[in-house]
Amino acid sequence: QQGQVEKEKWIEFRDEFVGGTNDSHMMKEWKNFIIEWRDMKPYTVDAYMPWEYWIDETQGPALVEKLSLVLKKQGFPVLYDD
Numbered sequence: 007q008q009g010q011v012e013k014e015k016w017i018e019f020r021d022e023f024v025g026g027t028n029d030s031h032m033m034k035e036w037k038n039f040i041i042e043w044r045d046m047k048p049y050t051v052d053a054y055m056p057w058e059y060w061i062d063e064t065q066g067p068a069l070v071e072k073l074s075l076v077l078k079k080q081g082f083p084v085l086y087d088d
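To get my numbering, take the position in the sequence shown, counting from 1, and add 6.
FYI, nobody ran anything at the bench for these hints, they're computed from the structure.
Where hints are given, some of them may not hold.
With a Cα cut of at most 20 Å, we get these calculated SDA-like pairs of lysine to any residue [stated by the list, open to error]:
#1 K72 to A53
#2 K34 to A53
#3 K78 to Y54
#4 K37 to K47
#5 K37 to T50
#6 K72 to W57
#7 K78 to M55
#8 K15 to M33
#9 K34 to E58
#10 K47 to Q80
#11 K37 to Y54
#12 K34 to P48
#13 K72 to D52
#14 K79 to E63
#15 K34 to D52
#16 K78 to Y49
#17 K15 to K37
#18 K72 to D62
#19 K37 to P56
#20 K13 to F23
#21 K72 to Y49
#22 K78 to D52
#23 K47 to M33
#24 K72 to W60
#25 K72 to E58
#26 K78 to D62
#27 K47 to K79
These numbers were taken from a predicted model, which means no experiment stands behind them.
Construct the entire structure; sequences and hints are all you get.
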């Protein structure tokens, strides 16, 4: 055996969570959760802020600028906005 899990166990896990020859109930639940979250009232999605961007030296500052614009648009005081 190579790896941490037997091949059969990995296939079983994959089929349950991602889907294999059958549809996966877990993927449907995950998709429904995301759709419900996006459609919640009175909330709106103004920006997606991936974790990886926060720690990237190029994308991080751009993300902070984007966040400051979102906060300013919602009426929050922003110290630097130029």
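#### Entry: Proposed proximity, K47 with K37 (alpha carbon, max 20 Å)
Cα-Cα ~18 Å, so holds.
### Message
For K47 and M33, compute the direct alpha-carbon distance and say whether it is at most 20 Å.
### Response
violated (24 Å)
#### Entry: Distance restraint between K47 and Q80, which requires alpha-carbon spacing of 20 Å or less
holds (16 Å)
### Query
Between K72 and A53, is the straight-line Cα distance small enough, at 20 Å or below?
Cα-Cα ~8 Å, so holds.
### Message
Against the 20 Å threshold, does the CA-CA distance of K34 and P48 hold or violate the hint?
### Response
violated (24 Å)
### Task
Take the C-alpha atoms of K78 and M55, compute the straight-line distance between them, and say whether it is at most 20 Å.
holds (16 Å)
### Query
Holds or violated: are the alpha carbons of K78 and Y49 at most 20 Å from each other?
holds (16 Å)
### Query
Are the Cα atoms of K72 and D62 separated by 20 Å or less?
holds (15 Å)
### Query
Would the pair K79 and E63 pass a check requiring their Cα atoms to be no farther apart than 20 Å?
Roughly 25 Å separates the two Cα atoms, so the pair is violated.
### Message
Between the alpha carbons of K37 and P56, is the straight-line distance 20 Å or under?
### Response
holds (18 Å)
### Message
Please verify whether K78 and D62 have alpha carbons no more than 20 Å apart.
### Response
violated (23 Å)
### Query
Does K34 pair with A53 here, judged by a C-alpha cut-off of 20 Å?
Violated: K34 and A53 sit about 24 Å apart, past 20 Å.
Comparing the model with each earlier hint shows violations of hints 2, 9, 12, 14, 15, 17, 23 and 26; every other hint is respected.
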